[in-house]
Amino acid sequence: MISVDQLAVEFSGTTLFSGVTFNVNENDKIALMGKNGAGKSTLMKIIAGVSKPTRGHVRAPKDAVIAYLPQHLLTADDCTVMEEASKAFGTLLDMKNKLDELNKELETRTDYESDAYMNIINEVSDLGLKYYAIEEVNIEAEVEKALKGLGFTAADFNRPTSEFSGGWRMRIELAKILLQKPDLILLDEPTNHVDIESVLWLEDFLINKAKAVIVISHDRAFIDAITNRTIEVTMGRIYDYKANYSHYLQLREDRRAHQIKAYEEQQKMIADNRQFIERFKGTYSKTNQVSSRERMLEKLDIIEIDEIDNSSLALRFPPAPRSGDFPITVKDVSKSYDEHVVFNNASFSIARGEKVAFVGRNGEGKSTMIKAILGEIAVEGTCQLGHNAQIGYFAQNQAALLDPNLTVFQTVDEVAKGDIRTQIKNILGQFMFSGDAIQKKVGLLSGGEKTRLAMVKLLLEPVNVLILDEPTNHLDIKSKDVLKEALKNFDGTLILVSHDRDFLQGLANKVFEFKEKRVIEHFETIDAFLERNKVETMRELAL
Numbered sequence: 001m002i003s004v005d006q007l008a009v010e011f012s013g014t015t016l017f018s019g020v021t022f023n024v025n026e027n028d029k030i031a032l033m034g035k036n037g038a039g040k041s042t043l044m045k046i047i048a049g050v051s052k053p054t055r056g057h058v059r060a061p062k063d064a065v066i067a068y069l070p071q072h073l074l075t076a077d078d079c080t081v082m083e084e085a086s087k088a089f090g091t092l093l094d095m096k097n098k099l100d101e102l103n104k105e106l107e108t109r110t111d112y113e114s115d116a117y118m119n120i121i122n123e124v125s126d127l128g129l130k131y132y133a134i135e136e137v138n139i140e141a142e143v144e145k146a147l148k149g150l151g152f153t154a155a156d157f158n159r160p161t162s163e164f165s166g167g168w169r170m171r172i173e174l175a176k177i178l179l180q181k182p183d184l185i186l187l188d189e190p191t192n193h194v195d196i197e198s199v200l201w202l203e204d205f206l207i208n209k210a211k212a213v214i215v216i217s218h219d220r221a222f223i224d225a226i227t228n229r230t231i232e233v234t235m236g237r238i239y240d241y242k243a244n245y246s247h248y249l250q251l252r253e254d255r256r257a258h259q260i261k262a263y264e265e266q267q268k269m270i271a272d273n274r275q276f277i278e279r280f281k282g283t284y285s286k287t288n289q290v291s292s293r294e295r296m297l298e299k300l301d302i303i304e305i306d307e308i309d310n311s312s313l314a315l316r317f318p319p320a321p322r323s324g325d326f327p328i329t330v331k332d333v334s335k336s337y338d339e340h341v342v343f344n345n346a347s348f349s350i351a352r353g354e355k356v357a358f359v360g361r362n363g364e365g366k367s368t369m370i371k372a373i374l375g376e377i378a379v380e381g382t383c384q385l386g387h388n389a390q391i392g393y394f395a396q397n398q399a400a401l402l403d404p405n406l407t408v409f410q411t412v413d414e415v416a417k418g419d420i421r422t423q424i425k426n427i428l429g430q431f432m433f434s435g436d437a438i439q440k441k442v443g444l445l446s447g448g449e450k451t452r453l454a455m456v457k458l459l460l461e462p463v464n465v466l467i468l469d470e471p472t473n474h475l476d477i478k479s480k481d482v483l484k485e486a487l488k489n490f491d492g493t494l495i496l497v498s499h500d501r502d503f504l505q506g507l508a509n510k511v512f513e514f515k516e517k518r519v520i521e522h523f524e525t526i527d528a529f530l531e532r533n534k535v536e537t538m539r540e541l542a543l
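Positions 1 to 543 (full-length UniProt numbering) are the ones given, in order, by the sequence shown.
Possibly wrong hints are sitting among the right ones.
[Said to hold, decoys possible] Now the in silico label distances, taken between C-beta atoms and shown as ranges:
no. : residue 1 : residue 2 : range
1   : Thr422    : Glu516    : 50 to 56 Å
2   : Arg55     : Ser125    : 51 to 57 Å
3   : Leu251    : Lys98     : 49 to 55 Å
4   : Gly429    : Phe280    : 49 to 55 Å
5   : Ser349    : Asn426    : 35 to 41 Å
6   : Pro319    : Asn426    : 14 to 20 Å
7   : Ile303    : Phe409    : 38 to 44 Å
[To be verified] Heads up, simulated BS3-like pairs for lysine-lysine below, C-alpha to C-alpha not over 27 Å straight-line:
no. : residue 1 : residue 2
8   : Lys371    : Lys457
9   : Lys87     : Lys130
10  : Lys299    : Lys281
11  : Lys52     : Lys62
12  : Lys62     : Lys96
13  : Lys510    : Lys478
14  : Lys440    : Lys478
15  : Lys371    : Lys242
16  : Lys148    : Lys209
17  : Lys261    : Lys242
18  : Lys62     : Lys148
19  : Lys355    : Lys425
20  : Lys62     : Lys35
21  : Lys87     : Lys45
22  : Lys517    : Lys148
23  : Lys268    : Lys45
24  : Lys331    : Lys281
25  : Lys484    : Lys355
26  : Lys440    : Lys35
27  : Lys104    : Lys130
28  : Lys35     : Lys331
29  : Lys478    : Lys425
30  : Lys35     : Lys425
31  : Lys87     : Lys62
32  : Lys181    : Lys45
Hints listed in this document are in silico derivations from the structure and should not be mistaken for laboratory results. Note that CB positions come from ideal geometry on N, CA and C, so glycine has one too.
Take these sequences, add in the hints, and give me the full structure.
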């Protein structure tokens, strides 16, 4: 069991959270929830030992293994896949290398009677006892087994990690976690940049093979599938529910309803007693009753109603100027990088007002096609924009492109034109930036705050074609829901790339699937496509 005891984090006179206490038991699958900036990632880093709290402690058994997958992967670019995955056995390899080094030194020394020689003998003996007490492991075989289980081929083992997308890098990190056989796995937004098939694999791994897990995720379907407990970080404290996310939402509403009822009953009781005291104060025959009621009111613990976190993104896209009938037409488009073919002879058109989804595994060409449509890369064939097509583009790394040295206000003021400049503070307020927050440097913002700020920039000019490439990365569930509703009401043309099943459902009325160097057009909703595709995928996994 791992215990979190009275954790508090304070900075610049502000308390992020305090008094955070809970235990993590074997096989607990915990969703760590809360709005962006509430302290979820900070709490996870403290449990991982990456950060220190202002007060409090995290206690774990001496031999407990805690593995941490951060929000931003730290996979090195100077290793092969095999070398990076083998780092899971870093401690074991270090012990072996140290033993080899000490034994080699003993072979060359001749001062057999010296204290230095005896110290080396003792070090070899102590280290050897630890090393040989560990169950013998064929490291290379274990690493190969883990990597192949995650979809890598033997040909991938000696490729540099730099050649792989974010989703495949996440699998390398997960291979390292799997090989460590941890008692607790900490995952911060593990589904960011990961295709739907990878998410399905991760769900299966966490449900059937992992021990205890704590996960931060904005993917509602994912956390509902894997978790049996929800800890909410809100208003500087936590609430702990033995339920998955959807059940927790209902339990939270029930809890607040009970609080309100108890609060109202207590307030009525207080009013009745105060009325009695005022009426009979000074009446000799009622002196004892008055005194008794006064003492009771003095000792009474007043029931408090949990404050509801109502801060939320207020989002409405401006009316879309009218475009031509077909704002985007792609004809016989092919793209290759050296001998690697991304897609061949892709042809399709997108009509005015259509909402379409680009789906497919990582590396199949979704983002490449977007760059071709925008004219950012050269391709064979033609990508044609229709009459008066005005494109607004949100890239996967849009938040990272913001200047970290500017303030929130300066970032928006740079791109605002004309009368809209007089409304900047109001617009930022709608996106949950108010008061001193608008003077905060961009470099100090959380991932979710940067994403919201990048979205503000996108909204400053009316467009009739929105292209959004993974717009929900780093957005909390509440903000994601509001963005989804705004996109439903957008009256222009929408191209959406997302790995998030819950976010995709109900949005697109046509699907373009990127698969096996082709772009396949499906005349069905994303709901129908995902339902059919998930069944096929699960059948394939079972073979």
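Satisfaction of hint between lysine 457 and lysine 371, Cα-Cα up to 27 Å: 20 Å, holds
Pair hint lysine 87 and lysine 45, alpha-carbon separation not exceeding 27 Å: 20 Å, holds
Restraint status (C-alpha distance of lysine 299 to lysine 281 at most 27 Å): Holds, at roughly 19 Å.
Restraint status (C-alpha distance of lysine 62 to lysine 96 at most 27 Å): 22 Å, holds
Restraint status (C-alpha distance of lysine 440 to lysine 35 at most 27 Å): Between lysine 440 and lysine 35 the Cα gap is close to 18 Å, so the pair holds against 27 Å.
Given pair status - lysine 478, lysine 440, alpha carbons within 27 Å: 23 Å, holds
Hint consistency between lysine 371 and lysine 242 [alpha-carbon to alpha-carbon, up to 27 Å]: 45 Å, violated
27 Å limit on alpha-carbon distance, applied to hinted pair lysine 35 and lysine 331: Given that 27 Å is the threshold and the Cα spacing comes to 43 Å, the pair is violated.
Outcome for the supplied range 14 to 20 Å, where the beta carbon pair is proline 319 and asparagine 426: Since the Cβ atoms of proline 319 and asparagine 426 sit about 18 Å apart, the hinted range of 14 to 20 Å holds.
Range hint compliance [Cβ, isoleucine 303 to phenylalanine 409, 38 to 44 Å]: Since the Cβ atoms of isoleucine 303 and phenylalanine 409 sit about 41 Å apart, the hinted range of 38 to 44 Å holds.
Restraint check for lysine 478 with lysine 425, where alpha carbons must lie at most 27 Å apart: Judged against 27 Å, a Cα distance of about 22 Å means the pair holds.
Pairwise hint evaluation, lysine 478 against lysine 510, where the allowed Cα distance is 27 Å at most: Cα-Cα ~26 Å, so holds.
Hints 2, 15, 18, 19, 20, 23, 24 and 28 from the list above are not met by this structure, while the remaining hints are.
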